[in-house]
Amino acid sequence: MAEIVRKRSIHIRDARIAGLYDLEHTIGQGHFAVVKLARHVFTGERVAVKIIDKSNLDPEATSHVMQEVRCMKLVQHANIVRLYEVIDTNTKLFLILELGDYDMHDFIIKHENGVAEPLAQQYFCQIITAIDYCHRLHVVHRDLKPENVVFFEKLGMVKLTDFGFSNLFEPGEQLRTACGSLAYSAPEILLGDAYDAPAVDVWSLGVILFMLVCGRLPFQEANDSETLTKILDCRYTTPEHLSNACKKYVMLFL
1 MAEIVRKRSI HIRDARIAGL YDLEHTIGQG HFAVVKLARH VFTGERVAVK
51 IIDKSNLDPE ATSHVMQEVR CMKLVQHANI VRLYEVIDTN TKLFLILELG
101 DYDMHDFIIK HENGVAEPLA QQYFCQIITA IDYCHRLHVV HRDLKPENVV
151 FFEKLGMVKL TDFGFSNLFE PGEQLRTACG SLAYSAPEIL LGDAYDAPAV
201 DVWSLGVILF MLVCGRLPFQ EANDSETLTK ILDCRYTTPE HLSNACKKYV
251 MLFL
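Just so we're aligned, residue 1 is where the sequence shown starts under UniProt numbering, counting upward by one.
Hints are computed from structural coordinates only; laboratory data are not their basis.
One or more hints might be untrue.
Straight-line distance between alpha carbons at most 27 Å, and here's what the computed DSSO-like set of lysine-lysine pairs gives [unchecked claim]: (1) Lys-36 / Lys-73; (2) Lys-154 / Lys-230; (3) Lys-73 / Lys-154; (4) Lys-110 / Lys-92; (5) Lys-110 / Lys-54; (6) Lys-248 / Lys-54; (7) Lys-247 / Lys-230; (8) Lys-73 / Lys-110.
All chains, full assembly: derive it from the sequences and hints.
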């Protein structure tokens, strides 16, 4: 499939996009978009389609969507979900995406005490490789969490997805936009300070690593206020079964 933006002013039937993709059931939903399973009419290839209703977007949200498209078209890596094409109509924007099997959040739920360190290392190194690639292209993700890491079982790989909060940055430049999810956000974002773009992704990587080997979040309390305090103080406890090397790596990221 050509990785291009197709500008179309045509009628979209409820169950088919531009005569090319048959839409099936919903597999995800966010603030401004719904993600559906779909199948290419001619090739039969199964894809994920992120459907954005442009009528619901304010100028800021529109800017985020356009930035997401720009960043996803820029990053082409084995450990990043591919954006096959973008179909733009009068009312909706359709992002046609590579389809994975399940996300890392589901994987962690099945391993409530964490996974073995060698397996965690295998998957975590793939995530690091993808983020390092993004940062070398001056792209920051800003919403790293298990829900945005997708497993491709046949390939034995994980891939990053959902660049909805991504942005381009210049080396040494500090960003100010607060975004992401509380449990995975770096202290400087939560404080409203200007922040180094790569550093906030590194913090989120530390949270993901902790979850992989421990099966739980490092910072999670009964309410958001208490969780925020723990994040700002960087207070967490690691299980005794973790190796010293693994504990050291968690400390390096957090």
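Hint check:
1. The hinted pair formed by Lys-36 and Lys-73 meets the criterion: a straight-line CA distance of about 20 Å does not exceed 27 Å.
2. A hinted pair counts as satisfied when its Cα atoms are at most 27 Å apart, and Lys-154 with Lys-230 does not qualify at roughly 39 Å.
3. Straight-line distance between C-alpha atoms of Lys-73 and Lys-154 comes to about 25 Å, which keeps the hinted pair within the 27 Å bound.
4. Proximity of Lys-110 to Lys-92 is assessed by CA-CA distance (about 36 Å); at most 27 Å being required, the pair is judged violated.
5. Proximity of Lys-110 to Lys-54 is assessed by CA-CA distance (about 37 Å); at most 27 Å being required, the pair is judged violated.
6. Using a Cα cut-off of 27 Å, the hinted pair Lys-248 and Lys-54 is violated, with the two alpha carbons roughly 45 Å apart.
7. Pair hint Lys-247 plus Lys-230 holds up; C-alpha atoms about 18 Å apart against a cutoff of 27 Å.
8. Distance hint between Lys-73 and Lys-110 is unfulfilled; the C-alpha atoms sit about 33 Å from each other, more than 27 Å.
Going down the numbered hints, you'll see the structure goes against 2, 4, 5, 6 and 8, while the others check out.
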